[in-house]
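Chemist: Sequence:
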Amino acid sequence: MYTSILLQTAIIFALYFMGEGIATLLPITIPGNIIGMLLMFIGLLLKWIKVKHVQTVGRFLLSHMAFLFIPAGVSIIESIELIQDDWFKILIVCVLTTIITFAATGLTAKAVIRLQEGWKRKK
1482 MYTSILLQTA
1492 IIFALYFMGE
1502 GIATLLPITI
1512 PGNIIGMLLM
1522 FIGLLLKWIK
1532 VKHVQTVGRF
1542 LLSHMAFLFI
1552 PAGVSIIESI
1562 ELIQDDWFKI
1572 LIVCVLTTII
1582 TFAATGLTAK
1592 AVIRLQEGWK
1602 RKK
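Under our numbering, think of the first position of the sequence shown as 1482, with each following residue one higher.
Hints listed in this document are in silico derivations from the structure and should not be mistaken for laboratory results. One should not assume that every hint holds.
[Claimed, not checked] Here are the simulated lysine-lysine pairs, DSS-like style, with alpha carbons at most 25 Å apart:
no. : residue 1 : residue 2
1   : 1604      : 1528
2   : 1604      : 1591
3   : 1528      : 1603
4   : 1528      : 1591
5   : 1601      : 1531
6   : 1591      : 1601
Everything numeric in this text was worked out from a predicted model, so none of it was measured.
From just these sequences and the hints, can you work out the full model?
Modeler: Okay, here's the thing in C-alpha coordinates:
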(Lines of atoms letter the chains of each structure in order from A and count residues from 1; the text may use other names and numbers.)
(Lines give C-alpha, C1' and ligand atoms only; values in the text may rest on other atoms or scores of the structure.)
Protein backbone atom coordinates (compact mmCIF):
# COMPACT_ATOMS: atom_id res chain seq x y z
CA MET A 1 0.00 0.00 0.00
CA TYR A 2 1.24 3.47 -0.84
CA THR A 3 2.05 5.89 1.94
CA SER A 4 -0.51 8.66 2.44
CA ILE A 5 0.06 11.96 0.68
CA LEU A 6 0.26 13.77 4.01
CA LEU A 7 3.00 11.46 5.27
CA GLN A 8 4.89 11.70 1.98
CA THR A 9 4.75 15.49 2.18
CA ALA A 10 5.93 15.36 5.79
CA ILE A 11 8.93 13.20 4.82
CA ILE A 12 9.95 15.58 2.04
CA PHE A 13 9.53 18.67 4.24
CA ALA A 14 11.40 17.01 7.12
CA LEU A 15 14.37 16.32 4.85
CA TYR A 16 14.21 19.89 3.55
CA PHE A 17 14.19 21.37 7.07
CA MET A 18 16.99 19.04 8.17
CA GLY A 19 18.99 20.28 5.18
CA GLU A 20 18.31 23.90 6.16
CA GLY A 21 19.41 23.16 9.72
CA ILE A 22 22.61 21.48 8.58
CA ALA A 23 23.32 24.38 6.20
CA THR A 24 23.31 26.85 9.11
CA LEU A 25 25.91 24.74 10.92
CA LEU A 26 28.35 24.40 8.02
CA PRO A 27 31.29 26.79 7.70
CA ILE A 28 30.74 27.01 3.92
CA THR A 29 27.64 28.18 2.10
CA ILE A 30 25.61 25.31 0.69
CA PRO A 31 21.88 25.82 0.16
CA GLY A 32 19.74 23.85 2.59
CA ASN A 33 17.55 22.49 -0.19
CA ILE A 34 20.63 20.92 -1.83
CA ILE A 35 21.60 19.29 1.45
CA GLY A 36 18.00 18.10 1.82
CA MET A 37 18.17 16.49 -1.63
CA LEU A 38 21.44 14.80 -0.66
CA LEU A 39 19.77 13.50 2.50
CA MET A 40 16.92 12.15 0.37
CA PHE A 41 19.42 10.51 -2.00
CA ILE A 42 21.36 8.93 0.86
CA GLY A 43 18.13 7.75 2.49
CA LEU A 44 16.98 6.14 -0.75
CA LEU A 45 20.41 4.66 -1.44
CA LEU A 46 20.67 3.10 2.01
CA LYS A 47 17.00 2.06 1.84
CA TRP A 48 16.09 4.07 4.95
CA ILE A 49 13.46 5.68 2.74
CA LYS A 50 11.59 3.57 0.21
CA VAL A 51 10.59 5.10 -3.12
CA LYS A 52 6.95 4.37 -2.36
CA HIS A 53 7.26 6.61 0.73
CA VAL A 54 7.74 9.71 -1.47
CA GLN A 55 6.66 8.62 -4.95
CA THR A 56 3.22 10.23 -5.30
CA VAL A 57 4.20 13.65 -3.95
CA GLY A 58 7.56 13.51 -5.75
CA ARG A 59 5.85 12.87 -9.09
CA PHE A 60 3.39 15.67 -8.43
CA LEU A 61 6.21 18.13 -7.64
CA LEU A 62 8.19 17.08 -10.71
CA SER A 63 5.19 17.43 -12.99
CA HIS A 64 4.57 20.97 -11.70
CA MET A 65 8.22 22.08 -11.54
CA ALA A 66 7.85 24.76 -14.23
CA PHE A 67 5.01 26.35 -12.28
CA LEU A 68 7.22 26.47 -9.17
CA PHE A 69 9.78 28.61 -11.05
CA ILE A 70 7.28 31.39 -11.83
CA PRO A 71 7.94 33.38 -8.60
CA ALA A 72 11.68 33.44 -9.36
CA GLY A 73 11.00 34.65 -12.90
CA VAL A 74 8.69 37.39 -11.66
CA SER A 75 11.34 38.53 -9.17
CA ILE A 76 13.88 38.82 -11.98
CA ILE A 77 11.46 40.86 -14.09
CA GLU A 78 10.76 43.18 -11.15
CA SER A 79 14.52 43.71 -10.70
CA ILE A 80 15.33 44.16 -14.39
CA GLU A 81 16.87 47.61 -13.85
CA LEU A 82 19.49 46.03 -11.56
CA ILE A 83 20.68 43.58 -14.22
CA GLN A 84 20.06 45.74 -17.28
CA ASP A 85 23.74 46.57 -17.81
CA ASP A 86 24.92 42.98 -17.34
CA TRP A 87 22.29 41.04 -19.31
CA PHE A 88 24.78 39.78 -21.91
CA LYS A 89 27.16 38.43 -19.25
CA ILE A 90 24.24 36.74 -17.52
CA LEU A 91 23.12 35.21 -20.82
CA ILE A 92 26.62 33.84 -21.47
CA VAL A 93 26.77 32.33 -17.98
CA CYS A 94 23.33 30.73 -18.47
CA VAL A 95 24.29 29.21 -21.82
CA LEU A 96 27.66 27.93 -20.57
CA THR A 97 26.23 26.42 -17.40
CA THR A 98 23.48 24.73 -19.42
CA ILE A 99 26.09 23.16 -21.72
CA ILE A 100 28.20 22.08 -18.74
CA THR A 101 25.13 20.60 -17.04
CA PHE A 102 24.18 18.63 -20.17
CA ALA A 103 27.74 17.33 -20.52
CA ALA A 104 28.00 16.37 -16.84
CA THR A 105 24.62 14.62 -16.98
CA GLY A 106 25.59 12.69 -20.10
CA LEU A 107 28.96 11.63 -18.69
CA THR A 108 27.36 10.61 -15.39
CA ALA A 109 24.71 8.56 -17.19
CA LYS A 110 27.41 6.82 -19.24
CA ALA A 111 29.39 6.03 -16.09
CA VAL A 112 26.32 4.64 -14.32
CA ILE A 113 25.45 2.47 -17.33
CA ARG A 114 29.00 1.09 -17.40
CA LEU A 115 28.84 0.34 -13.68
CA GLN A 116 25.50 -1.41 -14.06
CA GLU A 117 26.79 -3.50 -16.97
CA GLY A 118 29.86 -4.43 -14.91
CA TRP A 119 27.67 -5.52 -12.01
CA LYS A 120 25.49 -7.62 -14.33
CA ARG A 121 28.57 -9.42 -15.70
CA LYS A 122 29.81 -10.26 -12.19
CA LYS A 123 26.51 -11.94 -11.26
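Chemist: Hint by hint, which ones does this structure get wrong, listed from lowest number up?
Modeler: Violated: none.
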